[in-house]
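Enquirer: Take the sequences, apply the hints, and build the full model.
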Amino acid sequence: MIEVKNISKKFTKLVGKKKKEEFFANQDITFTAKEGEIVGILGPNGAGKTTLLRMIAGIMTPTSGTIEVDKLNYQKNDIEIKRKIAFLTGNTKLYRDLSPYELLKMCAEYYGVEKDLIEDKINKLSNKFGMNSFLYQRIGSLSTGQTQKVAIARCLIHDPKYYILDEPTSGLDIISSKVILDTIKEEKKKNKCILYSTHYMEEAASICDKVVFINKGKVIIIAKPDTIKENTKTNNLRDAFFSLIEGDNNE
Amino acid sequence: MNNILITIKKELRGIVRDKKSLLMMALTPIFIPTFVILMSYIYEEMTTSQQENIYKVGLNYELTEREREILNKDIEPIYYDEEVQMKDAYEKEEISAYIIKEENNYNIYANSQSEDGSIARMHLISYLDTYNTYLGQEYLLDNNIDLNRVYANITYQTNEIKGESIFGNQIILMAVTFTIMAVTLTAIYTSTDTTAGEKERGTLETMLTFPIKRKELILGKYFAIVISGVITMTIGIVLSIFSLWYAWNNFSIYDGTTFNMEILTIVLIIVVLLFYTLFISGLCISIASFSKTFKEAQTALTPISLVTCIPMFLEMLSINIGGALSFIPIINHTIVINEMLLGNINISSIIITIISSCAYIVLLIMYIVREYNREKILFG
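As you go down the protein sequences, you meet chains A and B in turn.
Residue numbering for the first sequence follows the working numbering, starting at 1 and increasing by one per position.
Residue numbering for the second sequence follows the working numbering, starting at 1001 and increasing by one per position.
By construction, these hints were calculated from the structure, which means they are not laboratory data.
Don't be surprised by glycine CBs; every beta carbon is placed ideally from N, CA and C.
Certain hints may be false.
What the hints assert, rightly or not - So, partial list: chain A residues that the calculated Cβ filter (under 10 Å) puts toward chain B:
| # | residue |
| --- | --- |
| 1 | A86 |
| 2 | K93 |
| 3 | R154 |
| 4 | H158 |
Expert: Here is the structure:
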């Protein structure tokens, strides 16, 4: 289980020519994500979704608060936690000079996958995502859809327990998006935990068990999509989102 | 340790597959033999042409038979009836200098700041001094005075001592500087590509999600840069030694130059260059890590490649590299290697260079490991 407890993240930005000002990208955020659960992280641009997911993935360190993954924390067990996690963003960049095969092998080695299993895992993922025709081509020469397939395969190579997906379908066509959404559903069936941020409300409503709405770095609601719709008396998450943001702004 | 090896493998694969990196790593040292042979040829031509040059000088009078004998063989006299014609010929660079004679007064006109003018002037002064002496001797003989009592009170001879060839030494120094520069350029390019380049391409974020400590990540990158530098260094040493050996055997400008190619010397040169590679890789990666883009890092690192020329100028200006200067990296590496090639193995200088390099390397690695844990460095 991922337990996010009261985490805040403070940054400094330049105001004017010389003056610096501190601001909170995330403030006092608390929620949990359990095995077999898809948790949607929703919010407008600049709400702090990416910073939050980066902290959960161990790329950034919170200014305050704690993040525990299976009761382990990053201060003491960062490597063990990262072995359990896969992180994917919509604009994930892969090494253009490597082939998908080389990239997957490298990732497997980093994650400590047993040497004897690596070839078998690569073959299975290649078949699953239809990568056989371009497995040995340079990633730089692949199309956006093919690159995204490689990016997803990279996440699955070490069979992680937790997925942190930051707008993974952003900018993709419906076919490429479907590959990702199908993968998420499959992994959920395997009792994996998925943190999922997206701009597409319909997408979130269809796959998320729970939604964390964030605005201006703060959580405004954590609930099931249906509960949010009921509470806001709206028919869809998009309207619920605007209703909640309006309420938040009025406060 | 395993993560460092995986990172080294990944970075090296990227370097080898990037044409620009490969070009920098393997092709830069190829300029060394081209340069050594070309400079040897140019210097050889310069010294030969200096020996064979004939300097034309204008005269407004006919030389006597005795004057022709006295005049240096490198001087070709050209006679003019009018002064104006002579000045005109000088303006058109047909003659290097000219003499205007009025009775017993000779005026030499030459530009002593130009190479031809100064040499012609020197020969003409010598000719007039000798001719003046000859006329004095003739007068003394006419008056039955013993010439030896006047002129042979002392005797002297000049003897050529075989010594260092300035040209040969300069080319050896330039070859060393070029090898150092080639290693530096490789370190600059690969460190830029593996740090700022990775940030710019957006792959650093992916790397940071892997179960690898940031210390392992930066050390993997550092050693990949070192390995690239060692490849350049090896090519540079081989090409430098072979081209210098060829030039040494085929050009006379190296006469009197010691070119030390003993196994011990070569091993010591490799050791000093290895420490230089470790140092410069650490320095470049430290600077490049602060840059957000490839271009920014290139701009920040370019001055380092220029700094590699400083030791060459210091040596050419015969500035003594001792005391505090022997602790300054790049300067001490270049001078120590150059001295070794010239046969002067100074163990204390080599030890100072290696120990100071070790200290700098340790400090740079500690610094960069610390900095790579800062989010500001990673995300700007």
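Enquirer: Min Cβ distance, H158 of chain A to chain B: is it shorter than 10 Å?
Expert: Because about 9 Å separates H158 of chain A from the closest Cβ in chain B, which is inside the 10 Å limit, the hint holds.
Enquirer: Hint validation: R154 of chain A versus chain B, beta carbon distance must be below 10 Å. Holds or violated?
Expert: holds, 8 Å
Enquirer: Holds or violated: is the Cβ of A86 of chain A closer than 10 Å to a Cβ in chain B?
Expert: Holds, because the Cβ-Cβ distance from A86 of chain A to chain B comes to roughly 8 Å (cut-off 10 Å).
Enquirer: Hint check: is the beta carbon of K93 of chain A less than 10 Å from a beta carbon of chain B?
Expert: Holds, about 3 Å.
Consistency note: the structure conflicts with none of the earlier hints.
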